[in-house]
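4 protein chains.
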Amino acid sequence: MIIVMKHQATPEEVQHVVNQVEARGYRAHVSHGTERTIIGVVGDDRPLEDHHFELLPGVEKVLRVLQPFKLASRDFHPEDTMVNVRGVTIGGREIVVIAGPCAVESRSQILETAFAVKEAGARILRGGAYKPRTSPYSFQGLGEQGLELLAEAREATGLPIITEVMSPEDVPIVGKYTDIFQIGTRNMQNYALLQAVGRTSIPVFLKRGMMNTVQEWLMSAEYVLSSGNSQVILCERGIRTFETATRNTLDINAIPLLKQWTHLPVFADPSHGTGKWDLVAPVARACLAAGADGLIIEVHPHPEQALSDGSQSLKPERFRELMESLRQLVPALGRTM
Amino acid sequence: MIIVMKHQATPEEVQHVVNQVEARGYRAHVSHGTERTIIGVVGDDRPLEDHHFELLPGVEKVLRVLQPFKLASRDFHPEDTMVNVRGVTIGGREIVVIAGPCAVESRSQILETAFAVKEAGARILRGGAYKPRTSPYSFQGLGEQGLELLAEAREATGLPIITEVMSPEDVPIVGKYTDIFQIGTRNMQNYALLQAVGRTSIPVFLKRGMMNTVQEWLMSAEYVLSSGNSQVILCERGIRTFETATRNTLDINAIPLLKQWTHLPVFADPSHGTGKWDLVAPVARACLAAGADGLIIEVHPHPEQALSDGSQSLKPERFRELMESLRQLVPALGRTM
Amino acid sequence: MIIVMKHQATPEEVQHVVNQVEARGYRAHVSHGTERTIIGVVGDDRPLEDHHFELLPGVEKVLRVLQPFKLASRDFHPEDTMVNVRGVTIGGREIVVIAGPCAVESRSQILETAFAVKEAGARILRGGAYKPRTSPYSFQGLGEQGLELLAEAREATGLPIITEVMSPEDVPIVGKYTDIFQIGTRNMQNYALLQAVGRTSIPVFLKRGMMNTVQEWLMSAEYVLSSGNSQVILCERGIRTFETATRNTLDINAIPLLKQWTHLPVFADPSHGTGKWDLVAPVARACLAAGADGLIIEVHPHPEQALSDGSQSLKPERFRELMESLRQLVPALGRTM
Amino acid sequence: MIIVMKHQATPEEVQHVVNQVEARGYRAHVSHGTERTIIGVVGDDRPLEDHHFELLPGVEKVLRVLQPFKLASRDFHPEDTMVNVRGVTIGGREIVVIAGPCAVESRSQILETAFAVKEAGARILRGGAYKPRTSPYSFQGLGEQGLELLAEAREATGLPIITEVMSPEDVPIVGKYTDIFQIGTRNMQNYALLQAVGRTSIPVFLKRGMMNTVQEWLMSAEYVLSSGNSQVILCERGIRTFETATRNTLDINAIPLLKQWTHLPVFADPSHGTGKWDLVAPVARACLAAGADGLIIEVHPHPEQALSDGSQSLKPERFRELMESLRQLVPALGRTM
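Protein chains in written order, with the numbering used here: chain A, 576 to 912; chain B, 576 to 912; chain C, 576 to 912; chain D, 576 to 912.
Possibly wrong hints are sitting among the right ones.
Given that identical chains are not distinguished, each listed pair holds provided it fits within a single copy or across any two copies.
[As the list claims (entries may be wrong)] Capping the alpha-carbon separation at 27 Å, the derived lysine-lysine pairs in DSSO-like fashion look like this: (1) 751 / 890; (2) 890 / 645; (3) 636 / 751; (4) 751 / 834; (5) 636 / 581; (6) 581 / 693; (7) 851 / 751; (8) 693 / 636; (9) 645 / 751; (10) 581 / 751; (11) 645 / 693; (12) 581 / 851.
Think of the hints as simulated: they come from the structure by calculation, not from any bench.
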């Protein structure tokens with residue numbers, strides 16, 4: 576933390592800031608420039624708040640030197656984290672594709688989709704039982720019945736399953752069925768929920784908040800990690816921008832940036848990232864080319880009948896074509912599939 | 576809902592869309608333009624999903640005609656809603672100011688602040704007991720002890736209290752103490768929480784999500800209203816934009832827009848909306864001039880010692896000056912205070 | 576400028592950076608923290624580029640201490656700048672309202688509007704002769720004929736005039752007629768144009784770019800000021816955000832922020848800032864309450880017939896009502912009108 | 576264009592709108608829904624302004640059915656446009672890479688870079704002679720001397736050249752030297768400039784405005800096309816969002832979207848799109864995987880000495896590695912290089 580003094584700050588004001596820094600148990604390092612005096616705070620200053628100093632007389636602003644996350648950082652954990660889910664390794668050399676419908680709607684729908692995505696090469700089955708919907712009048716998911724149908728599809732196909740949990744109260748019931756907890760974009764900063772899944776030993780698939788920075792996202796991962804669960808997978812799913820031609824703007828830059836900043840596996844969701852089924856395949860390829868460890872893709876046997884997110888869902892035959900194109904692509908990227 | 580066909584759509588494709596519209600119980604109205612054929616869907620189409628039609632062969636896109644919210648809309652409820660909290664009327668001609676610290680930190684801090692803001696003219700006391708913090712290493716609030724201190728401050732001053740509830744599990748305990756539930760910006764789309772407070776009869780102060788449109792915000796109000804609680808107050812608190820000189824960008828336009836679209840009272844939070852104490856007063860005045868029914872302001876006796884949000888907190892004497900300037904202003908706006 | 580070294584930076588890397596700083600004529604001040612070593616650059620480092628150091632081995636990042644603008648800054652010019660235009664003082668205690676149509680369309684339209692806005696209390700007449708339009712198929716303005724009509728309206732009413740200049744080539748012809756050059760939002764970073772108007776002695780009304788920060792905006796002002804023209808007026812006109820319910824999001828925070836950072840007069844444009852005529856009046860009042868020195872308002876005798884921007888234009892009678900409400904407001908703000 | 580009437584609109588108001596539609600030479604098609612009456616405007620309504628109807632009594636809003644661009648649209652020109660520059664075909668099956676320094680700084684710098692990028696496989700040389708810089712105190716380019724050095728590098732290597740033109744006045748001088756005009760992000764809506772290059776027969780490389788939608792971008796292309804120049808290449812270079820960890824957010828979705836909407840070639844600029852040299856290679860690969868027809872990459876022999884954009888420039892050896900990885904990738908995408 577660096578404290579920048581105002582142009583007109585007096586020596587007394589500088590001394591007062593130094594005293595405050597020392598009173599909090601840090602060392603202060605004063606440096607006089609031609610236009611500004613700056614004071615460096617020596618020590619791990621993550622617990623300090625900017626305003627402890629920003630509001631002192633003569634202070635202009637506070638600059639942060641350290642990233643605020645620790646457990647999620649490569650500085651503290653240089654090797655890649657791998658997550659093992661019923662024999663599927665996430666975060667290794669192999670690309671892992673998760674696929675399935677936005678929501679579990681019926682027994683036949685989820686079974687039909689599960690077999691189709693398995694045959695095309697997906698390694699994990701997705702499906703929502705509890706759905707966060709903008710409107711209270713939209714379909715809200717089948718609840719526990721949906722979880723049972725997912726478990727049945729796992730039984731039938733051997734694919735591990737992932738499903739969203741929306742509330743701390745639901746962690747026990749969802750955890751009874753799922754192999755991976757999905758935390759959705761609207762809950763990226765639902766701290767009670769992050770702590771609740773952080774106290775389990777089930778892997779957590781943490782989607783980026785649609786208006787959150789990469790730094791805030793890693794702080795949310797830090798909530799899970801610091802609660803004791805080290806199995807976190809990050810998923811870029813598009814951010815909100817001024818562009819309205821697509822549902823979201825998939826932040827392709829975030830993928831290689833995360834691979835530098837953190838040891839956690841990085842996935843991408845081109846279905847939500849674009850919102851349009853006919854953009855999913857090219858953007859899926861782009862995400863792998865940028866370094867993603869895997870993808871999550873919405874597949875529905877009859878998208879025009881889907882109870883949610885039909886516009887961005889692939890039909891099984893389109894998904895098969897996509898998987899073939901990915902199999903052609905990954906060797907050129909030094910990966911397997 | 577209007578379905579726009581592609582340039583090259585065939586008569587069979589048009590007929591197929593018409594059939595699908597009718598199969599869902601609506602009437603279809605076909606209109607042939609020079610470049611496009613369009614199909615109007617006649618009936619209350621709020622329950623329909625765009626993709627039910629967007630994915631049919633020959634369809635280019637779907638345009639929405641109706642706003643998706645109903646109970647929150649002035650169309651359905653033309654007169655202003657007023658909320659009464661222990662004798663304080665919110666949403667009437669009188670401007671109501673809520674003030675207090677970001678977080679309850681100690682008995683002396685909350686009592687000192689409560690008396691100071693009351694004396695300056697605040698009508699309701701704010702203070703957080705459960706705090707949503709970006710970092711798991713930051714102060715997370717005093718929990719129930721904080722609620723007890725708030726209740727004690729209410730007892731001592733007679734001011735009704737407002738405090739944040741972060742999780743459905745906490746609704747009973749927080750509801751035992753508070754006069755108004757605050758839903759914070761990160762929880763605007765926490766639907767389980769919205770439904771939980773919607774099932775109580777305690778007024779709900781719904782802050783705008785920093786990443787959410789006015790329309791989505793009113794859909795979140797709709798969650799509370801449709802759960803049976805008609806006492807909702809909206810609070811503009813700034814949105815996230817590319818500008819980093821201020822913590823958020825207070826969306827001043829949203830205030831008069833909401834007064835047109837909805838009957839619910841509209842508040843503004845210039846403390847979070849700016850993030851800088853020295854911008855709070857002019858922006859507070861601006862919010863009232865734009866038509867806000869009230870303000871919520873952070874006040875702390877020693878901001879530089881605050882455990883959170885010190886940078887945007889006013890000292891009691893600054894708050895007093897602000898209240899004096901507001902009292903000069905409101906008659907010119909046809910309001911009282 | 577502060578250079579932050581990586582966690583693992585070696586003493587040789589630190590020394591190399593110090594050498595580079597000194598080679599460019601600055602002093603380096605090294606400070607060893609517990610997790611990072613930082614190097615302060617002593618001297619006016621505005622001419623330095625971040626990458627001169629960011630790319631050296633062992634460097635993590637560069638932090639800036641100084642604002643990049645100088646002539647526009649209150650540090651260097653503490654008193655308010657006032658701009659005098661044919662007897663109208665801009666930037667003083669008196670609020671100045673500029674009004675008129677988006678575009679000059681005909682002799683009768685501009686004369687009718689000029690008389691109407693003068694009568695209502697406007698002090699300066701606006702009107703576009705060269706129009707920047709998103710579509711090449713839209714009305715592009717009357718060109719020099721429009722300038723002649725503006726000059727005639729000035730003659731008839733005594734109101735000074737302001738009109739937009741879009742290209743350095745047009746500076747002489749527009750300068751022959753206008754009292755103030757308007758630089759539009761799309762040209763805020765048209766540096767050739769900024770320099771061209773900066774070489775004249777005609778005041779410059781610099782609108783904020785719709786996706787530019789306040790800092791970048793002041794750097795554009797710096798282009799004009801450093802070209803020799805000290806008569807710059809800033810105008811907040813809304814920025815582009817994710818919200819689509821209004822045309823732009825007027826950044827109310829920017830108004831008091833600018834009054835702190837710069838000595839230049841600050842105006843606001845609630846017509847473009849909202850894009851909707853029925854939001855103009857409340858937002859206009861808000862801008863003055865936030866500290867703006869004046870307003871620019873679009874007025875058209877028949878908005879539904881306007882060749883551009885009709886949706887946000889006030890009819891003369893609405894403008895008169897707005898001016899009356901402003902006259903009630905400004906005494907409560909310590910201003911006159 | 577569809578005109579949506581208010582809930583309470585009267586039959587007289589509907590009839591008045593119909594009359595106005597017909598008075599402007601269009602046919603009106605009225606459709607009565609359960610909550611709203613809508614009026615379809617039949618004919619090419621691109622020349623109409625929304626406000627011609629939005630402001631009529633009883634009208635709620637206007638919805639647009641047609642995209643506003645014509646010449647740039649695949650509807651009107653289904654086959655891909657290819658641009659030939661001194662024997663290099665842009666927009667065909669072959670991926671074309673443009674490379675070179677941000678700015679031409681000296682004879683040795685541009686020649687050294689030109690030979691290096693040619694050897695690595697670049698087909699076109701970039702280099703700025705006129706530089707748009709945020710600060711008036713930064714290096715502004717060598718001007719015509721820079722153009723001469725570029726021409727000399729072309730002579731020496733046989734590579735065609737591309738360079739930015741910033742002002743209509745400079746079109747003749749820049750056109751004397753360059754093979755392609757680059758229009759920079761800040762000038763995407765500099766209409767005088769678009770028309771000036773549109774009147775030449777030199778290809779135009781049109782970068783996306785950092786604040787502009789894809790639709791606005793195609794409208795800017797429409798300015799060039801409708802001025803008579805059909806040789807337009809689009810270049811995605813990142814947009815401005817709330818994320819500050821990277822300089823811009825490269826909009827990967829825009830690449831496949833453009834390939835659907837327009838026949839013009841689509842390039843990407845991962846140097847500006849990320850702003851960090853160590854993100855350039857993965858994002859470059861992603862852009863090709865998403866369907867880009869080519870890339871433009873900043874290369875500098877000594878980035879830490881560069882006069883601009885050093886942080887995002889590759890050293891020649893890094894560029895060579897990138898080109899090798901691209902050559903491995905493109906066959907898997909069905910392209911050549």
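Same-copy or cross-copy closeness of residue 581 to residue 693 [CA-CA at most 27 Å]: Neither way: residue 581 and residue 693 sit 63 Å apart in one copy and 35 Å across, limit 27 Å.
Within, between, both or neither, where residue 693 and residue 636 count as close if Cα-Cα is 27 Å or less: The answer is neither: 55 Å in one copy and 32 Å across copies each exceed 27 Å.
Residue 636 and residue 751: within-copy, between-copy, both or neither at 27 Å Cα: neither (49 Å within a copy, 41 Å between copies)
Homomeric proximity label, residue 851 with residue 751: Cα distance no greater than 27 Å: neither (33 Å within a copy, 44 Å between copies)
Alpha-carbon proximity context of residue 751 and residue 890, limit 27 Å: Close neither inside one copy (30 Å) nor across copies (50 Å); limit 27 Å.
Alpha-carbon proximity between residue 645 and residue 751, which holds within one copy, between copies, both or neither at 27 Å: neither (31 Å within a copy, 38 Å between copies)
Status of residue 581 relative to residue 636 across identical chains (alpha carbons, at most 27 Å): Both ways: residue 636 and residue 581 sit 8 Å apart in one copy and 23 Å across, limit 27 Å.
Intra- versus inter-copy proximity for residue 693 and residue 645 (alpha-carbon distance at most 27 Å): neither (37 Å within a copy, 42 Å between copies)
Intra- versus inter-copy proximity for residue 851 and residue 581 (alpha-carbon distance at most 27 Å): between (51 Å within a copy, 16 Å between copies)
27 Å Cα threshold - placement of residue 834 relative to residue 751: neither (32 Å within a copy, 46 Å between copies)
Residue 890 and residue 645: within-copy, between-copy, both or neither at 27 Å Cα: neither (42 Å within a copy, 32 Å between copies)
Alpha-carbon proximity between residue 581 and residue 751, which holds within one copy, between copies, both or neither at 27 Å: Answer is neither: 57 Å inside a copy and 44 Å across each miss the 27 Å cutoff.
Comparing the model with each earlier hint shows violations of hints 1, 2, 3, 4, 6, 7, 8, 9, 10 and 11; every other hint is respected.
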